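Q: Chain by chain, the residues run as shown.
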Amino acid sequence: MRMSKYILVGILFGITLYKAEAVSWYRIFEMFHFQSFHMYGIIFSAIAVGVLVVQLIKRTHMKSMEGKEIVIQDKDKRWQRYIIGGFVFGLGWALAGICPGPMFILLGSGYTVLIVFLLSAMTGTFVYGLLRSKLPH
Amino acid sequence: MVPDWLFQLKDFISQPWPWWIAGPMIALIMFILLSFGKEFGISANFRVMCAADGAGDMADFFKYDWKSQGWNLLVALGAMFGGYLASHYFASPDGAVAHVSATTVESLKQLGFNFQEGQVPLVPEFYSWEALFSWRGLLVIVGGGFLVGFGSRYAGGCTSGHAISGMSALQLGSMYAVIGFFLGGLFMTYVLFPLIFN
Numbered sequence: 086m087r088m089s090k091y092i093l094v095g096i097l098f099g100i101t102l103y104k105a106e107a108v109s110w111y112r113i114f115e116m117f118h119f120q121s122f123h124m125y126g127i128i129f130s131a132i133a134v135g136v137l138v139v140q141l142i143k144r145t146h147m148k149s150m151e152g153k154e155i156v157i158q159d160k161d162k163r164w165q166r167y168i169i170g171g172f173v174f175g176l177g178w179a180l181a182g183i184c185p186g187p188m189f190i191l192l193g194s195g196y197t198v199l200i201v202f203l204l205s206a207m208t209g210t211f212v213y214g215l216l217r218s219k220l221p222h
Numbered sequence: 020m021v022p023d024w025l026f027q028l029k030d031f032i033s034q035p036w037p038w039w040i041a042g043p044m045i046a047l048i049m050f051i052l053l054s055f056g057k058e059f060g061i062s063a064n065f066r067v068m069c070a071a072d073g074a075g076d077m078a079d080f081f082k083y084d085w086k087s088q089g090w091n092l093l094v095a096l097g098a099m100f101g102g103y104l105a106s107h108y109f110a111s112p113d114g115a116v117a118h119v120s121a122t123t124v125e126s127l128k129q130l131g132f133n134f135q136e137g138q139v140p141l142v143p144e145f146y147s148w149e150a151l152f153s154w155r156g157l158l159v160i161v162g163g164g165f166l167v168g169f170g171s172r173y174a175g176g177c178t179s180g181h182a183i184s185g186m187s188a189l190q191l192g193s194m195y196a197v198i199g200f201f202l203g204g205l206f207m208t209y210v211l212f213p214l215i216f217n
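Protein chains in written order, with this note's numbering: chain H, 86 to 222; chain E, 20 to 217.
These are computed hints drawn from the structure, not numbers from a lab.
Some hints could be false.
[Stated by the list, open to error] From the structure, some residues in chain E lie toward chain H, with a derived Cβ separation under 7 angstroms:
| hint | residue |
| --- | --- |
| 1 | Gln27 |
| 2 | Gly101 |
| 3 | Trp148 |
| 4 | Ser171 |
[Unchecked claim] Interface residues of chain E toward chain H, partial, derived using beta-carbon atoms under 10 angstroms:
| hint | residue |
| --- | --- |
| 5 | Trp24 |
| 6 | Phe26 |
| 7 | Ile32 |
| 8 | Gln34 |
| 9 | Ile48 |
| 10 | Ser62 |
| 11 | Phe65 |
| 12 | Leu93 |
| 13 | Ala105 |
| 14 | Gly114 |
| 15 | His118 |
| 16 | Trp154 |
| 17 | Phe212 |
The structure presented is a predicted model; accordingly, all values stated were derived computationally and were not measured.
Glycine residues also receive a C-beta, built at the ideal position from the N, C-alpha and C atoms.
Just need the whole structure built from these sequences, with the hints factored in.
A: Structure below.
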């Protein structure tokens, strides 16, 4: 159970995004053309419920299963890395029509060619790691 | 004998899920991970995979306690199982994976994309092993993958880490990241798509 619970959470995540069609290149295309509320509905309702969840955790000082208080780390205060990095990510998201979660989900559904996408994404992360000190953050 | 209700449940799950089920479900997934003491974020796995392959010898960014992040690889592995189950056992009654709007079908036609009534999740011309031998397929898979991997780490997270986890925790940085995601996505859609797909 110690490890398998993470696999179960992943399965729930995979079924959810697949059945909600969020794994589809066409749905991402539709979203960036503002032609349907569907994807926005998913993101907004996830955030709305998520805000309640986080507030509940913080106000009740909820403890994790390991018995430690749940802490949510604050993100960096500067904006450059988020806007620039986010822009680069957005270019890839719209072009490929998939982000990291859907990539794993579709790989499992039988798109073996996504191994190449995974290797490219690892290369991208690796190149970021190499250039990190030279990039504005 | 398999009880009837199990078949009814299967049929129920097999329908396309509306946004108001999927969104709260994603928040629930984030909550479950938080209750395990973990933060939801899929793209962190790329860093773990680089570090596990010895990238720490070449960049300090990969010298960290990546072994403590093994749980996240299990979430990704589970997501793969989930994708397998959803596509093989919970297929929609009409077999479609994407029920996009009529306006979208029209836009797709204008740009010359093959839609096939939404029977597949990804554009067939770009997502196959053969597609790697066409410049567009190569651009989408290799170029798209590189941008997603580079950008998500530069921004410190992807859709799950920033748009869901970060925004739920009301983090200003995550809001900037999501603005960045959309600026990049809209630039690709409106400026670069007409150049690439014509």
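Q: All hints, please: hold or fail.
A: These are the hints, each one checked on the structure:
1. Interface hint at E/Gln27: violated, since its Cβ lies 16 angstroms from the closest Cβ of chain H, which is beyond the 7 angstroms cut-off.
2. This hint holds: E/Gly101 has a C-beta 2 angstroms from the nearest C-beta of chain H, less than the 7 angstroms allowed.
3. Annotation: E/Trp148 was flagged as interfacial toward chain H, and the flag holds, the nearest CB pair being 5 angstroms apart, inside 7 angstroms.
4. Given hint, E/Ser171 at the interface with chain H, holds; its Cβ is 5 angstroms from that chain's nearest Cβ, closer than 7 angstroms.
5. At about 19 angstroms, the closest approach between the beta carbon of E/Trp24 and any beta carbon in chain H exceeds 10 angstroms, and the interface hint on this residue is violated.
6. Evaluation of the E/Phe26 hint against chain H yields a violated restraint, the C-beta minimum of about 17 angstroms exceeding 10 angstroms.
7. The closest approach between the C-beta of E/Ile32 and any C-beta of chain H is roughly 7 angstroms, which is under the 10 angstroms cut-off, so the hint is satisfied.
8. Annotation: interface hint on E/Gln34 holds; nearest CB of chain H at approximately 8 angstroms, less than 10 angstroms.
9. For E/Ile48, the shortest C-beta to C-beta distance to chain H is roughly 5 angstroms, which falls under 10 angstroms, so the interface hint holds.
10. For E/Ser62, the interface hint holds, since its Cβ comes within 10 angstroms of a Cβ in chain H; the closest pair sits about 4 angstroms apart.
11. Proximity of E/Phe65 to chain H holds as hinted, the smallest CB-CB distance being about 4 angstroms (cut-off 10 angstroms).
12. Interface hint status for E/Leu93: upheld, as the beta-carbon distance to the closest one in chain H is roughly 4 angstroms, under 10 angstroms.
13. A hinted interface residue such as E/Ala105 counts as satisfied when its beta carbon comes closer than 10 angstroms to some beta carbon of chain H; here the least separation is about 4 angstroms, so the hint holds.
14. With its C-beta approaching chain H no nearer than about 13 angstroms, E/Gly114 sits outside the 10 angstroms limit, and its interface hint is violated.
15. Look at E/His118: its Cβ gets to within about 7 angstroms of chain H, closer than 10 angstroms, so that hint holds up.
16. Checking E/Trp154 against chain H: minimum C-beta separation of about 13 angstroms lies over 10 angstroms; hint violated.
17. Proximity of E/Phe212 to chain H holds as hinted, the smallest CB-CB distance being about 8 angstroms (cut-off 10 angstroms).
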